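Listed below, chain by chain, are the residues.
Number of protein chains: 4
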Amino acid sequence: MLVVLKPSATKEQIQSLIAWLEGQGLIVHISRGEFYTFLGLIGDTSQIDVTLLEGLAMVDTVKRLSEPFKSANRKFHPDDSIIEVGGLKIGGPHFQVMAGPCSVESPEQILSIAQSVCASGAAILRGGAFKPRTSPYDFQGLHADGIELLLEAKKQTGMPIVTEIMNANHLPMFEQVDIIQVGARNMQNFELLKELGMIRKPILLKRGLANTLQELLMSAEYIMAGGNYNVILCERGIRTFENYTRNTLDLSAVPMLRELSHLPVVVDPSHASGIARLVQPMAMAAVAAGAHGLMIEVHNDPANALCDGAQSLTPEQFDEVFKKVRRVREAVT
Amino acid sequence: MLVVLKPSATKEQIQSLIAWLEGQGLIVHISRGEFYTFLGLIGDTSQIDVTLLEGLAMVDTVKRLSEPFKSANRKFHPDDSIIEVGGLKIGGPHFQVMAGPCSVESPEQILSIAQSVCASGAAILRGGAFKPRTSPYDFQGLHADGIELLLEAKKQTGMPIVTEIMNANHLPMFEQVDIIQVGARNMQNFELLKELGMIRKPILLKRGLANTLQELLMSAEYIMAGGNYNVILCERGIRTFENYTRNTLDLSAVPMLRELSHLPVVVDPSHASGIARLVQPMAMAAVAAGAHGLMIEVHNDPANALCDGAQSLTPEQFDEVFKKVRRVREAVT
Amino acid sequence: MLVVLKPSATKEQIQSLIAWLEGQGLIVHISRGEFYTFLGLIGDTSQIDVTLLEGLAMVDTVKRLSEPFKSANRKFHPDDSIIEVGGLKIGGPHFQVMAGPCSVESPEQILSIAQSVCASGAAILRGGAFKPRTSPYDFQGLHADGIELLLEAKKQTGMPIVTEIMNANHLPMFEQVDIIQVGARNMQNFELLKELGMIRKPILLKRGLANTLQELLMSAEYIMAGGNYNVILCERGIRTFENYTRNTLDLSAVPMLRELSHLPVVVDPSHASGIARLVQPMAMAAVAAGAHGLMIEVHNDPANALCDGAQSLTPEQFDEVFKKVRRVREAVT
Amino acid sequence: MLVVLKPSATKEQIQSLIAWLEGQGLIVHISRGEFYTFLGLIGDTSQIDVTLLEGLAMVDTVKRLSEPFKSANRKFHPDDSIIEVGGLKIGGPHFQVMAGPCSVESPEQILSIAQSVCASGAAILRGGAFKPRTSPYDFQGLHADGIELLLEAKKQTGMPIVTEIMNANHLPMFEQVDIIQVGARNMQNFELLKELGMIRKPILLKRGLANTLQELLMSAEYIMAGGNYNVILCERGIRTFENYTRNTLDLSAVPMLRELSHLPVVVDPSHASGIARLVQPMAMAAVAAGAHGLMIEVHNDPANALCDGAQSLTPEQFDEVFKKVRRVREAVT
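Sequence lines, in order, name chains W, X, S and L.
Quick note on numbering: the working numbering labels position 166 of the first sequence as 184, and the sequence is numbered without any gaps.
Quick note on numbering: the working numbering labels position 118 of the second sequence as 136, and the sequence is numbered without any gaps.
Quick note on numbering: the working numbering labels position 182 of the third sequence as 200, and the sequence is numbered without any gaps.
Quick note on numbering: the working numbering labels position 80 of the fourth sequence as 98, and the sequence is numbered without any gaps.
There is no bait here: all hints are sound.
Pairs involving identical chains hold if they fit within one copy or between any two copies, as the list cannot separate such chains.
With a Cα cut of at most 20 Å, we get these calculated SDA-like pairs of lysine to any residue:
#1 Lys81 / Thr152
#2 Lys88 / Met216
#3 Lys173 / Ser134
#4 Lys81 / Ile48
#5 Lys24 / His47
#6 Lys81 / Asp156
#7 Lys341 / Gly308
#8 Lys88 / Phe157
#9 Lys88 / Asp156
Just so you know, the hints here were simulated from the structure itself, not pulled from any lab data.
Quick caveat: nothing in here was measured; it's all calculated off a predicted structure.
Okay, chain W solo, but in the shape it has when bound:
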């Protein structure tokens, strides 16, 4: 960490700051320039509150040189994390496809989709029971009933399930859920993240619409700081000025997150574009970029889905995507 001091800082102030920093277990190097003096801090700076330092009258700016995340940092955990979920593995050499409808709608719908995506080769069943919607007047999901239907489909097909949580008070309903998803809008709902750090179930953490990779990793850190190391990162598109697509899938996030962190990285190509016919090229591109998994929306009747139908594939289209993805994966590994 580098602390740039103002020209007005007095010798006494500087000595007192250095003493305080050394008291935090850091080694401090000082360099004096014409306009600035700067302090190089060596040691574990992840515990240092940057805004606190910046608040000091004598400080001009503070620049981190090492990352503020620690548990998620590859520097301290060089090997890929491999996360187990219902007998399956994800991360490292293990690649998994999660598929299913945006919203769980009925027993027939979820079971029929589960059976068909399972037959195509998907390993994990996704489906929304709690749906975050911008408008209070839009369909919000079947809630507890939706989770029941997912669990029934899990029993029938043997597929582990992943579904989104919006409120830590709902955790008891998620006891049989295999992976708990945190949606993009809750990526910085720190109270929810802290509660999910208290359990030991895998958490699929989606990147917020306008959040940086560092912020995503700091949110992973919130969960890991509680002791839950089973975090899967998910790129699902960011907000940009482009409006032909709903969001812009940031595929450079995949190699970048894999370099910065040991956690598995999956990609959701369905929400990013909001357009079903872009799912296939973007799914293939995600795999070529090195994703550990994909999360894809499939609906047996996308034209009449209650939610996000525009971005869902039919089971037949999904089968085709799965085959293409497998060919790309073979080409790149």
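Mind docking chains X, S and L on chain W? Use the hints.
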């Protein structure tokens, strides 16, 4: 609302869609073009789920012509809403300044700041007890103790208080709080918004870092849909590519929100720039743009504040800002 | 095109507007609603100036339903355009890799790189002679000498060359250049685009840092409106809030541009991330997403390159990337 | 400037880099840490090409501590620059309003508007003769004829004129123009900026749609590096995700630019929102934030303006805005 149909839509599909829409109480006008057919929907379209329509195979795009928010919409409530808080009014012709530290730190700190900003003319005391921080390792506030200290300062000075909530389970602690603040990162924490719709206390709703004004108004709508009409909107800066300032204060939001909605609009110039010396010009500009109030950070020792000191004013600086703001307000009203 | 009229529009105003629009050769359908009246315009609306209509007192908003670009539009040219350059083809089934240094620096440098990328399989040699730099104090390229060195390398290797133009007055120097590149910062330098519409040489048009795909296609339209149909579109990364990477490569632009337009689409994975080790995964992802070509920076001594060395590959790394890219291309075609 | 070296840098590499840097006239301080070694560079670092340093294999990152702009930097020119234009002054304590139509359309139009804004108190006449338009099919201005009409209006009213240039080859037409405007889309048209550095006329440089303040100042630096110190900076709105307004006026740019630079800063509130009824509040806010001037669109018949009518005021509305602005200016100075 306008529904653009694909060239491939058949007559039967179109008839069936029109019948369904008419069943929702809407009047439907049809226009046929060379490439597209479009349906004009007349009536209350706020209850129509756009993504549901977009999911239909025959639909190309759906465009809203009227706003999707209803309770917050000035069209249906032409007069300014005036919100009462602890004997004060905010909204319409009533202008109020909220001031206080970013975080409550000690009994002496909060009382001393409260007395000084009150003497300068501030009407409402702000102070954070629960602090959302990007890093789990940064200072997170005094929690229940912080609220106790705010209440003690309220008792001593008579000032109503405003403080942030991060978790609906904490609501019992907020019983004596006059205005409950929802922070930028929780603007789309819909579960929290729904709970705040159940109470009748004023809610100060901050705009998210990358959210549009329509999304802000839809979040207000979540609270109002529960019956709580006491919502104060707050512009506090949005994320842009500029990095000399932490965020970019969007002052055009003030006249635009006042045109779209009847709710009061206040501006927080402290968080937007993150730089204390920008607070004065931006506070004056906010008032010139028509803000109903300001929220300003003041700290008796900004250089040593535990949180966000870089953007806090000293009580003396605040006194100067308050005087300047009053002169601008007199010039524009 | 849809024109939404204000409630205050009088019958006479509406009649007069309709008459004017019909005079432009358009068919006009009218729908009246409770709050708005709207006019559906059918016919060739690409010649209608939207801001002119929006300026009318009676008009609330104008929404285009069809795209404002015509020559670049796939609707009117369903088949892929195939562009010929020095005996090679690009577009449709033809895939080409352009490689070379960011800046041309010396005869030895450019020739050595040309020979090595040619041996790896690259078809076209790239190299900058005019370099747009944010700072007037940074290295700006060898100018005419740089073009001479490129032409010499072309003579020796037989590779066609692509290089950037910054000023239409320089066109005489580009007479032997095979593809003229327009850089991201000049994407909306309309005076330059108009001049390039007057010639018949292929133009590689890079997307601006914060421009939409529609704006990119409108800039292509500027060139095509002059009669030069040899336009190659290039995605090279857009500005986002992410700062681990310099820009964010928008790979969904590839299938989206291919859907909207018949022009070839190539991807530059080097400038987007600014990081050499991301070039390989992003090049593979670009091919998986359907790119018609790649533009990759290669430098024989990236650590000492005069410009943008951080994002350049060594010839050995490029050879490896080329092999991987070929495998992905085989998997997806 | 701070150079962070990789752990892999050898002693010999470091010695050789230090020797090279010292050869550039810099003083180098070295600090060694557990993960990084860093070099603090003291002296005139504005001439150092950051990407060149970052390209070195041993370098991890380079961080500037001082600004890369020099001529525009307030540190080296503490006093406000005051720019003279046709007998008027702008900058420091001198405040000026520029007003006129978006496009010059006819002799009657420009003269009538000039007389009316002059009567209201505007000092400088604006009007577009060359119009940058996204579509090649939209109205592009009257070109040389437009400039003739502006000069005629100048003769009749005595007002200096400001108008936009798009091509350095047009400079001879601008000989009688008082202030030459560079539009947002040409802010990084470095070839044009260099030519404008060769003349001595005041240049009004508009900030690009997605450019940072530092990039704006670097573009000013391009002009100043040629010897033309008469640069006026103009904030005109940046691209954000908000779509109720066309762009977002960044008023914090005003105090920030005034702190970073000695150049005058004016604000264009008309283009930013694209909505005439927002011009008044935003003009007042700009003045409250400390702007040295305003540029406002006025049209005698905005409903029928050929270009950008939606954002133009009538002369009567402008008169009202001018009075309000004067009151705010009196309150803040």
